[in-house]
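Asks: Two chains, two frames, a set of hints: combine them into the complex.
Spelled out from the first residue to the last, the chains are:
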Amino acid sequence: MAIQGVGFAILSVFTFLSASGVAQEVDVDGLILASEKAAYYAGDDSRSDARMIIVDGQGRKQMRQFTILRKDVEDNGDQKMMVFFSRPADVRDTVFRVEKHVELDQDDDRWLYLPALDLVKRISAGDKRTSFVGSHFFYEDVSGRAVSEDTFSLQKETETRYILKAEAKDTHSVEFAYYVVEIDKQNNLPVLINFYDKNHTNYRRVEAVSVDTIEGYPTVTRSKVTDLTSGGYTLMEFRNMTYNLGLNEGVFSERSLRTPPVQWLK
Amino acid sequence: MAKYLIGLLLLTGSVLAQEQQSDDLWAEMDNWEEQEVSPFSWAGFAEVALGRRLQRDDVIGRNTTLQDARVQLKSDYLLSSSKVSFRGDLYYDGVKNQLESQIRELYWQGNLGFLGTMGRHFDLKAGQQVLTWGTGDYLFLNDLFSKDYQSFFAGRDDDYLKAPSLSVKLSGYSTLVNFDVVITPEFEPDNGINGEYFSYFSPSTGTLIADEFSVLDSNLPDEPEYAIRLYGTLAGTELALYGYKGYSKLPQGADVQGNPRYSELTVSGFSAVRPIGAGIGKLEYAFYDGEDTFGNDPFTANDQSRLLIGYEQELIANLTGSLQWYTEFNHDYAALVANSLWPQYEDEERRHVLTTELRYLALQQTLTLQLFNFYSPSDNDGYLRLRGTYSPTDRWQISGGVNGFYGDETYTFYSQFKDGSNVYLAFRYFFEE
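Order-wise, the sequence lines are chains A and B. Residues in the first sequence are numbered consecutively from 1, following my numbering. Residues in the second sequence are numbered consecutively from 267, following my numbering.
Keep in mind that the hints were calculated from the coordinates and are not lab data. Keep in mind it's a predicted model, so treat the numbers as computed, not measured. It is possible that part of the hints are untrue.
Okay, the calculated bits of chain B under chain A, using three or more residues with CB under 8 Å as the criterion [unchecked claim]:
| hint | segment |
| --- | --- |
| 1 | 307 to 314 |
| 2 | 369 to 380 |
| 3 | 386 to 398 |
| 4 | 434 to 444 |
| 5 | 533 to 544 |
| 6 | 623 to 635 |
| 7 | 677 to 683 |
Straight-line alpha carbon distances no greater than 30 Å define the calculated DSSO-like cross-link-like pairs of lysine-lysine that follow [claimed, not checked]:
| hint | chain 1 | residue 1 | chain 2 | residue 2 |
| --- | --- | --- | --- | --- |
| 8 | A | Lys-37 | A | Lys-185 |
| 9 | A | Lys-37 | A | Lys-266 |
| 10 | A | Lys-61 | A | Lys-121 |
| 11 | A | Lys-121 | B | Lys-511 |
| 12 | A | Lys-121 | A | Lys-266 |
| 13 | A | Lys-185 | A | Lys-169 |
| 14 | A | Lys-121 | B | Lys-349 |
| 15 | B | Lys-349 | A | Lys-266 |
| 16 | A | Lys-185 | A | Lys-198 |
Yeah, the Cβ is synthetic: ideal placement off N, Cα and C, and Gly gets one too.
Extracted from the complex, chain B is given alone in its bound form (with noise of 0.2 Å):
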């Protein structure tokens, strides 16, 4: 019975400390009002990260993956119905030895109405900014903005797979159908492995190689990218149109000397993304209709098709599953063997992906688990991605992770990084106002 009481007692009393917390709580909150005037507002993070192989990379030799001292600054400015944006990094990259800086987002953003009635239907983007569209996770058909894949492989945060380029998007709206337009001025590619971090297959030598290689001016457009983007919803379904003309975003193609080079690229497709069931399904197509037209260059890649179906659902609370298949259809399949260099290396005439994602929030959504794999049957490789970010207050989050890339063959897509599968560590601390 007494321990009846002192439970009670001690339940009661912790019930009243809750009580008075609240209550200090909420007259804490009576400071909001006062912090809200400013029209500008910053804040920011600090980031160390190390990541290292889980192999030997004879290549490579470094056995470090990631090595960042970062500090990314955001700042905004609001006015009267448009902002300016400014989002920066300063970071040491360990992995190169170099200081480093790049600015991610400066950036005006607001609408078109101070123009006239007709501005009221227009948005306008300009300057230097992340662009995304498109339907696929991780997989990018009509999205032609530039990517960072060294980041993606080092296991940085998502957010760096997304690389930035200094355009301007315009946007319109009407009730029936609305419009992106981009133009980006000069060609931004993407950055992709190139033998810093990790090394790669050469069909010419055969064997994985680390050359830090440069393409050549004279091999990188300084000429616009064009892309644009119709969108609406019928009955339910999102769909969309998409356009792009520019340059392969990799240096795929090569000059006569063997140089690497950006091969002019125009890509046209669609997509289609709807609730099935429970869940979301989709599907995008994509053309990429390169300068080799009817395959017969070996320096240049062949036109292509690519598809992906995809759907995902919440499994059950808290855990999200998806699945989807991806397809490239290489054009001109004889034609490209017959006249290949390295046939014996060259693409299955159709490559396939399968991708597998589960995530899962706990702990009241301070942890996420994150499995993503990449499986291709057709190359029989892969690339599976586990990330664990746990975040238990405002003012900080650790994330770890796995990068495994796994295969047969040494020149395969995936296969072909397999002394680049790491592990990697970070922690974040967030600083505002």
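So here's chain A without its partners, still in its complex pose (with noise of 0.2 Å):
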């Protein structure tokens, strides 16, 4: 599934200090791959229904339910996702396309569809720790931050997780100082993140909330962002999961902005 909700990410500053349980011989490089594997490219492609529940500090809420396509053109490496809009009715048949690339040198090549005035809308790549559709999820969140982008570090590792550290290597592209994540042994899924801030703040949360088997690939099918400053937070929750269906490269090109696969839709 594409767009696991979860990301990669942090430890609480305690087990940051204790560094001492951490068995030398686990591969740091290998185990992100993996993990990153894992998350975001599960099969060679997927197609999944989401739905979003997006909660302000005030408690008001708000709805967003989509369909993701995604295929990839190879594990670990540059994907091509589609990303149709159903609700709320005004954002219905908007239509979001993402290459996204991992060389750190290259952006991601986005565009938007606006069904109201049938316009295809080449978006500048930008800054993708900003917010997906209004939730708390960032776009990087949905599509994916390539661990090329981070210097890994583990931790500690407990009885069932790996616990890492990350930092970014271009510190100017992101608004953590740190994350530490927590990797499940079991199925390599990244299943906390926590950002902290450079004053060790941890100011927000990525958490997978139910991991599901679908198909033979373990997959997050409900994760939860929490931003821990407001207390605003947003549910994601993926449904109809498939991987592994064929999808041809049309499906992700100009042609379904305009002319949705309806196929795929259902």
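Replies: And the structure:
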């Protein structure tokens, strides 16, 4: 599932201090690649319905519902993605198209289709750590933050999890000082990510709430992002997921922006 | 110490409360699947909008520039590999004091695979529809599809800048190049500034007028319009070629009695869009080939070349800026001036427009602020649009803004609408099944 909500992240300050429990033989590079693959590259392609409930700091709720189609160019590499919105009413039939590039010097390509104007708009790459359609998820949580962007170090190993600390190679491109990610040993999925600022304050959390095995792939089916400063949060749930559908290239083009591939959206 | 404990208790309490609310919301999501069965869906909104002039318009007299009470309904019916869509507006237009209706969309859209293997490479969209292509923001070169400038100037939502037309669009796809062919069986003109909402400059009287003119049937073509686009991507650059055969979209020409008419027009052009640096660069060119080949017919617009160069980039998180330079070159300018009935009011040989846009998303994207300025250094006039939209829930949205026209002369393109400068406010309530 492309958009498994959960990215990579952090440790509490306490675990960060008790790095003594680290087993030295863990291959960190191998682990994060396996984790990235499990979280964002399961199968060669996928489809899923998704629903988000966005709750702001004052308890006001908004909802977004969409279908995501994803195709890998290669595992842990470039990906193509289409997001077809169906709710709320004012964004119905809006389509978002992304070509994700993992090379650090190549920005993602992004397009937006606005149905009421029949307008295909190419969007400048922009900051990937800004809200995805008004939710507490960032674009990058949805498309996956390339592991090549960060430097990881193992902080701790528990019976069920590896706990790693990550720091961005380009610190100007991110709002965090570091994040601590907990990876489930059984399925390699990142299941908890805490983001910290330079004062070691944990201000943001991404967590996998439910994991199900779908067609053999462990898949995050419910995830949650919390803005620990405002108290606002977003729940995301995936339904009707399928892998390896054999989606062809044409689905990931301007054609699908203007003419939605109805057979994949039902 | 006690204070800290209470703080901690409160914090724990709010965390627990949030957990409880999350659990309730997850439970609420469980109803989701059942709602998704029907292929039929509908939604809509109700809106009231009010706009006032910022100054008097002595020619029109009325201070109201926008007074809509509107309901829009949208519905879709999904078939196995195609869909039927409807979007229609019913509104009371207080400026015209009329009940109006507009079918913005009523079309069938789908793949032609049912005609055989070849058909899979073609999509068809047939019926009432809104059409857009080209690269400019609020500036159109190769996009000759209908527009509604009256709505745009009055502060209606951007959606209304595009007017619908009854058309058939056939799209074909291959690995190298794709195409769209649009046939509009009966010419669909723009809704221009015609004195209903805003006054305009009349060169024949040399003053602003607000005659609510309509074009005589004999001057309104009922012939088809044809538009074509070929496009593809080469080395990361999106390239397109365009063609149009039809009529000038505004009644800029005149017949021998001086009545406005739409003259024949053929347009050809190209565009290129690609990432440049941290942003998106674009280039578009169009040649407007009208009836007045030598430029000596004072009743018909001269041929024109139009060029646009633009760049857009996110400046900081959530703030995007864009710049466009647009120019119109009037061919056979000497002949135009020599034959003009009012050479003092004619356009410059080259008209330039610079646009600047800033778009800011704030408050978790519930607030959108937009500044868009058109400035013409050749006409020394311009048009500033400010707009804010706030929608903290899925239920409602409030928007407001200013349309400000400025300039030195009464006869230049933007400056003639100075008395139409307005401020507006709109409230929209959404509903869905």
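Asks: Work down the list of hints and note, for each, if the structure agrees.
Replies: Okay, the hints, checked on the actual structure:
Counting residues of the segment 307 to 314 of chain B whose beta carbon lies closer than 8 Å to any beta carbon of chain A gives 4, which reaches the threshold of three, so the coverage claim holds. Coverage of the segment 369 to 380 of chain B by chain A holds [criterion: at least 3 residues with CB-CB distance below 8 Å; count 4]. Counting residues of the segment 386 to 398 of chain B whose beta carbon lies closer than 8 Å to any beta carbon of chain A gives 6, which reaches the threshold of three, so the coverage claim holds. A count of 3 residues in the segment 434 to 444 of chain B with a Cβ less than 8 Å from any Cβ of chain A is obtained; the coverage claim is therefore met, three being the minimum.
Chain A is given as covering the segment 533 to 544 of chain B, and this holds because 3 residues of the stretch bring a CB closer than 8 Å to a CB of that chain, at least three being needed. Restraint check on the segment 623 to 635 of chain B versus chain A: 4 residues with Cβ-Cβ distances below 8 Å, three needed, restraint holds. Under a criterion of three residues with beta carbons nearer than 8 Å to beta carbons of chain A, the stated coverage of the segment 677 to 683 of chain B fails, only 0 such residues being counted. Between A:Lys-37 and A:Lys-185 the alpha-carbon distance is near 14 Å, which keeps this suggested pair within the 30 Å criterion.
A hinted pair counts as satisfied when its Cα atoms are at most 30 Å apart, and A:Lys-37 with A:Lys-266 qualifies at roughly 27 Å. Our distance criterion of 30 Å between C-alpha atoms is met by A:Lys-61 and A:Lys-121, whose separation comes to about 28 Å. The hinted pair formed by A:Lys-121 and B:Lys-511 meets the criterion: a straight-line CA distance of about 25 Å does not exceed 30 Å. A distance of roughly 25 Å separates the Cα atoms of A:Lys-121 and A:Lys-266; the hinted pair therefore holds under the 30 Å criterion.
For the hint linking A:Lys-185 to A:Lys-169, the alpha-carbon distance of about 26 Å falls within 30 Å, and the restraint holds. Only pairs whose Cα atoms come within 30 Å are accepted, and A:Lys-121 paired with B:Lys-349 is accepted, the gap being roughly 23 Å. Distance hint between B:Lys-349 and A:Lys-266 is fulfilled; the C-alpha atoms sit about 12 Å from each other, no more than 30 Å. A C-alpha spacing of about 29 Å is found between A:Lys-185 and A:Lys-198, which places the hinted pair at or below 30 Å, so the restraint holds.
The structure fails hint 7 only (numbered hints given earlier).
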